[in-house]
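Colleague: Starting from the given sequences, assemble the full structure and let the hints guide the process.
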Amino acid sequence: AQTVTQSQPEMSVQEAETVTLSCTYDTSESDYYLFWYKQPPSRQMILVIRQEAYKQQNATENRFSVNFQKAAKSFSLKISDSQLGDAAMYFCAYGLSELIFGQGTTLQVKP
Amino acid sequence: DTGVSQNPRHKITKRGQNVTFRCDPISEHNRLYWYRQTLGQGPEFLTYFQNEAQLEKSRLLSDRFSAERPKGSFSTLEIQRTEQGDSAMYLCASSPAGGFYGYTFGSGTRLTVV
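Chains A and B supply the protein sequences, listed in that same order.
Read in my numbering, the first sequence has 293 at position 101, and its numbers run on one by one without any break.
Read in my numbering, the second sequence has 752 at position 104, and its numbers run on one by one without any break.
Quick caveat, the hints were computed from the structure, so don't treat them as lab data.
None of these values were measured; they are calculated from a predicted model.
Check each hint, because a few of them may be wrong.
As the list claims (entries may be wrong) - Where chain B lies over chain A, by a calculated footprint (3+ residues, C-beta under 8 angstroms): (1) 231-240; (2) 284-297.
To be verified - From chain A, some residues computed to sit far from chain B (all C-beta separations above 12 angstroms): (3) Ser-204; (4) Val-211; (5) Arg-255; (6) Phe-260; (7) Gln-261; (8) Lys-265; (9) Leu-276.
Cβ atoms here follow ideal geometry from the backbone N, Cα and C, with glycine treated the same way.
Modeller: Okay, structure coming up:
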């Protein structure tokens, strides 16, 4: 079965510090895409960062970067210089067209 | 471009009634997806369209659920004979063909079945 596991239901970080959210997935496919989405409370899902599975180089978008380990089927998200606006639920997902999502990690940012 | 639009935002219905939701995708996007999200969980795939063709349906999509996308523009999701277990947020998303760009999500329709 295709699954995504986010083992940290909740995480907390001090403003301006760095936090890493973990994600592992299980698939027999060799070609797919990986994503992190952010869902603020009562607001819509927003794409944070994306990665092509065939690319070795880890994706970076401003303060957001990933550590993609294809053999280990791991796709963690690092948020540097955390800001209050980063507080949200974060979902890891993978797929080609249909995406499989994890259960989410709620990130709290403390001032 | 106003993004992905979903209507209504909230719907309260009595068990056994039929409900219909509408999604207007980004006009240049030819793929449209429906997902269901329950509180504290990640979205679960229901179905997706490429243009007007429904290409994939989840086993979660019982025969009480039907989706259409006439003319490849907006889409509707209908739930017949609603049950309390149907209470959830129904999310619509769209994307260009090819999966790398990821989805643009709408704000969702929250369904409460009483």
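Colleague: The structure should be examined with respect to each hint, and the outcome stated for every one.
Modeller: Now for the hints, and whether the structure bears them out:
no., hint, result
1, 231-240, "holds (count 5)"
2, 284-297, "holds (count 11)"
3, Ser-204, "17 angstroms, holds"
4, Val-211, "19 angstroms, holds"
5, Arg-255, "18 angstroms, holds"
6, Phe-260, "14 angstroms, holds"
7, Gln-261, "20 angstroms, holds"
8, Lys-265, "17 angstroms, holds"
9, Leu-276, "22 angstroms, holds"
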